[in-house]
Amino acid sequence: MSEPLLFRQATLPSGEQTDVLVRDGLIVEMGSVTSKDARSVDAAGLQMLPGLVDLHTHLREPGFEQSETVLTGSQAAAVGGFTTVFPMPNTMPVADNPSVVELELARGREAGYVQVQPIGAVTAGLAGTALADLKGMADSRARVRVFSDDGKCVHDPLVMRRALEYVSSFDGVIAQHAQEPRLTEGAQMNEGEVASRLGLAGWPAIAEETIIARDVLIAESVGAALHVCHLSTAGSVDVIRWAKARGIRVTAEVTPHHLLLTEDLAESYDARFKVNPPLRSSEDVMAVRQGLADGTIDIVATDHAPHPAEAKECEWDVAAFGMVGLESALSIVLLTMVESGELSWSDVERVMSRAPSQIGRVEWSGLVVGAPARLTLVDPADRHVFSAEHLASRSQNSPYLGRELPGRVVYTAFDGYLTVDAGTLVPAETVAAHAAATRANSAASGGVTNG
Amino acid sequence: MIRHLLSTRDLSRTSAIALLDTAEDMAALGARENKKLPALRGKTIVNLFYEDSTRTRISFEVAQKRLSADVINFSARGSSVSKGESLKDTILTLRELGVDGVVIRHPSSGAPQLLAERDWIDVPVVNAGDGTHEHPTQALLDAFTLRKEVSGDDSRGRGLDGARVVIVGDVFHSRVARSNIWLLEHLGARVTVVAPATLIPSGAERWPITVSYDLDAALSEPVDAVMMLRVQSERMREAFFPNAHEYAQGWGLTEERFARLAPSTLIMHPGPMNRGLEICSAAADSSQSVILQQVANGVFVRMAVLYSILTGTSEVSHE
Ligand SMILES: [Zn+2]
Chain A
0 MSEPLLFRQA
10 TLPSGEQTDV
20 LVRDGLIVEM
30 GSVTSKDARS
40 VDAAGLQMLP
50 GLVDLHTHLR
60 EPGFEQSETV
70 LTGSQAAAVG
80 GFTTVFPMPN
90 TMPVADNPSV
100 VELELARGRE
110 AGYVQVQPIG
120 AVTAGLAGTA
130 LADLKGMADS
140 RARVRVFSDD
150 GKCVHDPLVM
160 RRALEYVSSF
170 DGVIAQHAQE
180 PRLTEGAQMN
190 EGEVASRLGL
200 AGWPAIAEET
210 IIARDVLIAE
220 SVGAALHVCH
230 LSTAGSVDVI
240 RWAKARGIRV
250 TAEVTPHHLL
260 LTEDLAESYD
270 ARFKVNPPLR
280 SSEDVMAVRQ
290 GLADGTIDIV
300 ATDHAPHPAE
310 AKECEWDVAA
320 FGMVGLESAL
330 SIVLLTMVES
340 GELSWSDVER
350 VMSRAPSQIG
360 RVEWSGLVVG
370 APARLTLVDP
380 ADRHVFSAEH
390 LASRSQNSPY
400 LGRELPGRVV
410 YTAFDGYLTV
420 DAGTLVPAET
430 VAAHAAATRA
440 NSAASGGVTN
450 G
Chain B
0 MIRHLLSTRD
10 LSRTSAIALL
20 DTAEDMAALG
30 ARENKKLPAL
40 RGKTIVNLFY
50 EDSTRTRISF
60 EVAQKRLSAD
70 VINFSARGSS
80 VSKGESLKDT
90 ILTLRELGVD
100 GVVIRHPSSG
110 APQLLAERDW
120 IDVPVVNAGD
130 GTHEHPTQAL
140 LDAFTLRKEV
150 SGDDSRGRGL
160 DGARVVIVGD
170 VFHSRVARSN
180 IWLLEHLGAR
190 VTVVAPATLI
200 PSGAERWPIT
210 VSYDLDAALS
220 EPVDAVMMLR
230 VQSERMREAF
240 FPNAHEYAQG
250 WGLTEERFAR
260 LAPSTLIMHP
270 GPMNRGLEIC
280 SAAADSSQSV
290 ILQQVANGVF
300 VRMAVLYSIL
310 TGTSEVSHE
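These protein sequence lines map, in sequence, to chains A and B. Using numbering that gives the first Met the number 0, the first residue of the first sequence is number 0, and each one after it goes up by one. Using numbering that gives the first Met the number 0, the first residue of the second sequence is number 0, and each one after it goes up by one.
Some hints could be false.
[What the hints assert, rightly or not] Heads up, simulated DSBU-like pairs for lysine-lysine below, C-alpha to C-alpha not over 35 Å straight-line:
{"hint": "1", "chain 1": "A", "residue 1": "243", "chain 2": "A", "residue 2": "151"}
{"hint": "2", "chain 1": "B", "residue 1": "42", "chain 2": "A", "residue 2": "311"}
{"hint": "3", "chain 1": "B", "residue 1": "87", "chain 2": "A", "residue 2": "151"}
To be clear, the hints were calculated from the coordinates, so they are not data collected in a lab.
Please take these sequences and the hints and turn them into a complete structure.
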């Protein structure tokens, strides 16, 4: 087992200062703690958060390992302070059956940096017609509860209705990538003056808003749970606000990039800024910040989307959509929401850890004695020019390279062992060994329990 | 002096007028028996055409040859994705071949800007039409033609202040319209854009233009030039308008509309024309039409552009 850790004088989201003793994978003592055998970590001035949870990650394995693997994506997550990621099913083969989600789960456990909790496809092959093996994935070792065709919209209203109903049989949720396909044929960036001037085909706000409006009404009629991925427009915030006021079971996420970046970045034709849904207007950015601040939007999720250099170093309209985001997510939330006073640290804990766990149906205990030691420590006073050396992802398509960002993850602990130590990623072999030891230990104790 | 010609939007009024004046010099040379100028002798220019456009390529090629440049024509069909080699790799190859300037025509908006701004190659870049973004040399030749018609031999140094230009048709898909809108604005002209609402780009209310859906109303006031844009009939399949007949009735320069036009109003078209759709033959072939002058002036304007950016001066020495 890993050595015990004593974080001294950490600041909790409540603002309270405490020592935190971690032993055998758990938080075992808080308050004023002394320990003879634990490694002492000076956490004075560091903000402690429960491990961050990303409900929207693309790990690319299996099938696109030149962009990312479960291992490298897990490393990127750890660097960003995450301890759980939900990989999207648009792999090759598609994660639309138990064997692919179990493969992802196993790769995640071997890597040992984070909990990899797979999302299953809604429809077979993401084709939008026949339902995938939804219950098979739910009953598999991966215990899938979130289903999404992300990258594509479940646009057939009959399929969407049936999927919402069907997964409600086992407490599942459909995470919808809201994009009306006919209104976005060939779409390249936010529809509006900038797109018209640049000669790039527009991706209109209504293509997102009409699907969300439709889906909340379907969800209401069947009493099922709907989650809206990467909401990006002011109109979408209004629709979600209306739906929640009406009591509809809907949750919504916003990405860090939609909290900060705007459509005018496309003026460079630099495809690092090409993402789906596209960067929107500054009015939209203000509206999603407001929505996150007032609770209309439940969570921040990265939509971490790695792509190789050649998919971005090309003409805008042939470039791939997407940007990496795990390593920078917390910094962007600090920059846009915390430094402006719109979110407190307790709110950050909620939107980046507790609420995504609840939506994703994974256990969450927070920073309390007896909880699994999944935590991250951030230096909020740090400011650094974000560069490729801050990326652990196999891909470097970050829109923030060269920007000064606040906040730096200094330590991340997963089930009691460090994955980031003094700002540096712990090597794969060390982490894998800890993970293996933890598995062996829990198997042994499980054996005892079962008699 | 400008380094590249990527768009008219980022061209200053001064630079635009300097280019038009240099084009006047080129036109004067064009009238001589020996039309050739040794200005670009020893310089190699590549015409990198990712889109079929015989008209534009030939116009550039004539301009290059009159300036004594060595010319490489590189044609590639379709996007870099279908072709296999990336734009970047093609450009790196050209760099090693030692070209002195690139003229690029590309179906992707922004491709010329990538060439100019990335560290792939360090030579002047001329945009010969990119996607639905811009076609700056077309706008310059339109402005040159219009200025010559309006101001005659007294053109040099002048803009198009107070001129009224009506641009009609598929602005949504037209790089020519975009380049004209910005350039005409810089030169002081007033621009009215006329099309069905489906063919007006989103956000165009923020552009320096008046938008109208009614061609007859737009032509009822005095107009210096009416510029008809090419309309591709396949647009009707994308529900931009119901059919060619209805389009022609509403927004075509029909014989009836042509008959009502003041004799002084110039008729322009960037070509190739769809006779009977956006323009009737009577108008296209009339004495008010400057469509063929546009073609001739295209060579002078392209000579001026290449001369200016490759020699770094707008002064033409008559050696
Ligand atoms: Zn998506």
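Structure-based check of all given hints:
{"no.": "1", "hint": "243/A - 151/A", "result": "25 Å, holds"}
{"no.": "2", "hint": "42/B - 311/A", "result": "32 Å, holds"}
{"no.": "3", "hint": "87/B - 151/A", "result": "29 Å, holds"}
Against the hints set out earlier in the document, no violation occurs for any number.
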